[in-house]
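Chains A and B, in that order, give the protein sequences. According to this note's numbering, the first sequence is numbered sequentially starting from 505. According to this note's numbering, the second sequence is numbered sequentially starting from 12.
Please keep in mind that the hints were generated in silico from the structure rather than gathered at the bench. Note that CB positions come from ideal geometry on N, CA and C, so glycine has one too. A hint or two may mislead.
Derived CB-CB ranges, DEER-like [as the list claims (entries may be wrong)]:
hint, chain 1, residue 1, chain 2, residue 2, range
1, B, Ala324, A, Gln563, 45 to 55 Å
2, A, Gly822, B, His374, 49 to 59 Å
3, B, Ala353, A, Asp560, 53 to 63 Å
4, A, Gln563, B, Thr414, 32 to 42 Å
5, A, Ser632, B, Ser293, 46 to 56 Å
To spell it out: a stretch of chain A is covered by chain B in this simulated footprint if at least three of its residues, at any positions, have a beta carbon under 8 Å from a beta carbon of chain B; those stretches are [said to hold, decoys possible]:
hint, region
6, 572-578
7, 598-611
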Amino acid sequence: MSARATENMPCPTCGQPVDVWDGFCEACGKELAPPVVSDGQPGHVPQCPVCAADPDAPQAAITADGYCESCGRKVPTSRDHVEIDLGPLAGVSDRGQRHARNEDAMALAASGTPDGQVAVAVVCDGVSTSPRPDEASLAAAQEAVRVLLAAARFGDDLAQASVAAVRAAADKLTGVAGPDGAPACTYASALVERGGVTVCSLGDSRVYWVADAGSACLTRDDSLAAELVASGVLAEKDAMASPQAHVITQWLGADFPDPQPRVSRFTPPGPGVILVCTDGLWNYVPEAADLALLALPTALTSPLDAAAALVKVANDAGGRDNITVILVPFPAPGAMTAEDLPRRRPS
Amino acid sequence: MSQPAFTVDVDHNQYLHDGARDVSAIATVTSDGTATSAAAGAGPDSAEIIIIDCSGSMDVPHTKITQARTATAAAVDVVRDGVWFAVIAGTSFAKPVYPANGTMALASPQTRAEAKRAVSGLRAGGGTAIGKWLQLARQILATCPASLRHAILLTDGRNQHETPEELAGAISACEGHFSCDCRGVGTDWEVSELRKVSAALLGTVDIVPDPAGLTADFESMMQNAMSKQVADVALRVWTPQQAEVRFVKQVAPTVEDLTSRRSMTSAQVGDYPTGAWGPGESRDYHVGIRVAPGGVGQEMLAARISLVVTTPAGAQVLGQGLVRAIWTDDEQLSTKINARVAHYTGQAELASVIQEGLEARKHGDEDTATARLGRAVALAKQSGNEDTARLLAKVVDVIDEATGTVRLKKKVADEDEMALDTRSTKTVRVRKEHG
Chain A
505 MSARATENMP
515 CPTCGQPVDV
525 WDGFCEACGK
535 ELAPPVVSDG
545 QPGHVPQCPV
555 CAADPDAPQA
565 AITADGYCES
575 CGRKVPTSRD
585 HVEIDLGPLA
595 GVSDRGQRHA
605 RNEDAMALAA
615 SGTPDGQVAV
625 AVVCDGVSTS
635 PRPDEASLAA
645 AQEAVRVLLA
655 AARFGDDLAQ
665 ASVAAVRAAA
675 DKLTGVAGPD
685 GAPACTYASA
695 LVERGGVTVC
705 SLGDSRVYWV
715 ADAGSACLTR
725 DDSLAAELVA
735 SGVLAEKDAM
745 ASPQAHVITQ
755 WLGADFPDPQ
765 PRVSRFTPPG
775 PGVILVCTDG
785 LWNYVPEAAD
795 LALLALPTAL
805 TSPLDAAAAL
815 VKVANDAGGR
825 DNITVILVPF
835 PAPGAMTAED
845 LPRRRPS
Chain B
12 MSQPAFTVDV
22 DHNQYLHDGA
32 RDVSAIATVT
42 SDGTATSAAA
52 GAGPDSAEII
62 IIDCSGSMDV
72 PHTKITQART
82 ATAAAVDVVR
92 DGVWFAVIAG
102 TSFAKPVYPA
112 NGTMALASPQ
122 TRAEAKRAVS
132 GLRAGGGTAI
142 GKWLQLARQI
152 LATCPASLRH
162 AILLTDGRNQ
172 HETPEELAGA
182 ISACEGHFSC
192 DCRGVGTDWE
202 VSELRKVSAA
212 LLGTVDIVPD
222 PAGLTADFES
232 MMQNAMSKQV
242 ADVALRVWTP
252 QQAEVRFVKQ
262 VAPTVEDLTS
272 RRSMTSAQVG
282 DYPTGAWGPG
292 ESRDYHVGIR
302 VAPGGVGQEM
312 LAARISLVVT
322 TPAGAQVLGQ
332 GLVRAIWTDD
342 EQLSTKINAR
352 VAHYTGQAEL
362 ASVIQEGLEA
372 RKHGDEDTAT
382 ARLGRAVALA
392 KQSGNEDTAR
402 LLAKVVDVID
412 EATGTVRLKK
422 KVADEDEMAL
432 DTRSTKTVRV
442 RKEHG
């Protein structure tokens, strides 16, 4: 199954064909809501965030190798810390404390559709033992969100679209494999609409339902630990403590030709939040109930603030891995339309 | 003339534990091996002055003045065609010997012959006022346009005919105008006095106990001077806001503390003089920086070390290296001691304990002398500095090398003590570890 061509996706306002990445409809001129990915601008941030926050500090240039000419601190590359706020959903992706770069990626989209508003959340975690894992995660998230958003706008079956998005992302990674090997990443997506949530995952990135009335992890890891637990060999705590716990058994990449993503439908019993994350977060807070304590109630109304707070929890606990969290409140707060969605939060 | 490139190779443990502030690095600075000027070395941009002590004591024994004349003539023969040169005689005053009018001559077969003729007429008689000699050298050097300016100074006695303040004033007036290698012949001169001159004027100091050794020494000093190509090179250290440069030391081939020689270019940039460099020359510098503490996972540029020449066109950077600091909670990383930092820390201590030990011995404080020189024996052993160990063994009886247990020798030849003192700053070099 191949992904549908997206250049003739209908404009939600006038129905004329538009491209998924377009910012405006060429026909009616209405602003569209293209997906936003955590690619960041190439290079480093133009200003030292520490000196910028200090009114007494002299403001200086950033050197070519990425140090603040005043305080000497290594400044983040723009991908080291990315915050994306689309209103109905928001995400934060962070380098963490230990890794030299952010190999996680995320893609977010929100759009009006024939059936009402849909929020699309994708996270990918580059496999650090593969070459160019940062490139892999970004390419996969970018490709998957394209397929998912187009399917949502057309009113396609979202479970099928989820599988199609994984296949399209896998094809993309096959294309970027080179003599250095096959770039690889994990995958988790959630499509949140009025009627329910379509969840899809591959590898050990997760989707949680977080609510006062009861929380749960909606995905099952493709990892040795999860398989040991599933087959009854080990209890979950023992399995996670084993050195092999993080070995994943499925991934996206040219060296894994036929990935079998797990797709499921979830109907929220009441208000809550869909949380899509990489293991940089759940390694520190694996239990859905604990995530609920940390995220609620802020996440229901200010998903960006709640996502930033969760990333801080992981960083404060050691930040051993890159951390990426997307939060999608359910039902969508307010009655915003695609046209008046805020763009990326200015940094 | 295009300037040679320098490489700056920084070796240090870049990992700091949470809250740590001190970064210590060895920077190996090497000028590239290719000669840049057509003359492959000294040319019209070089100037040499030889300052010969002609005080009365140079006649006792008479071989001192005769050997000094021969050595000066030999050094004049080493001066390449086209290099500016002059000879000064020093007593309680300073007097130009060649050219007699107090200017500099361009070296040629004819001027060298004239200079040697003038030198052969030097007679001993008078006092010693080294500051006046240096001042005259500075005046004479100012009459020529050369930028590589170097002097050789020979004395045999103490600076009796001027006050220490007069000498200090003269030294500071000459700083940055020329470099000066100092030699003491015999054993009636003061090591600490000449070291003040050589340290400030970025040169060497050594003893030539027997006047017969002067010729070979003068020739080799002049050959070394002729190899220099680029003058007035500064080690430029950039540090972040709120950082402090704790020290900057040359640690190889000799220990020279440059910390107080900083000239500020801006609040975050200081220049330290390194003098002149020849092609392929390599020196090690130990730089200590105290930075504002960072959090785990943070990376900071603790210093940028570059080599800079100041030309009429402005400052030109000839090469640079980066000193990074990364905070980590991994103790395996943060507790690792860099072998070269440790080695040179030991070598710098070796130099200072020798000087302190000899000073204590001079004042009859045998306990301190024994403790310091014992420590020196242990340090020399640890770092494989065999030359210094040999010199130490002439001053103390070594009972246990490893622990530094020693006894002061009852009788020590002056020249052995002075040789240990002057050579205490010589270090043994260690290469960067690989892997």
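_When I compare C-beta atoms, does the region 598-611 of chain A have three or more residues closer than 8 Å to chain B?_
holds (count 3)
*For the range 45 to 55 Å, tell me whether the beta carbons of Ala324 of chain B and Gln563 of chain A fit it or not.*
violated, 29 Å
*Kindly confirm whether 32 to 42 Å is satisfied by the beta carbon distance between Gln563 of chain A and Thr414 of chain B.*
Distance hint for Gln563 of chain A, Thr414 of chain B is violated at roughly 56 Å.
*Look at the Cβ atoms of Gly822 of chain A and His374 of chain B and judge whether their distance stays inside 49 to 59 Å.*
Hint holds: Cβ distance 57 Å, inside 49 to 59 Å.
*Is 53 to 63 Å right for how far apart the beta carbons of Ala353 of chain B and Asp560 of chain A are?*
violated, 38 Å
*Return holds or violated for the Cβ distance of Ser632 of chain A and Ser293 of chain B against the range 46 to 56 Å.*
violated, 39 Å
_Within 8 Å of chain B (C-beta), three or more residues of the region 572-578 of chain A_ = holds (count 6)
Of the numbered hints given earlier, the model fails hints 1, 3, 4, 5; all others are met.
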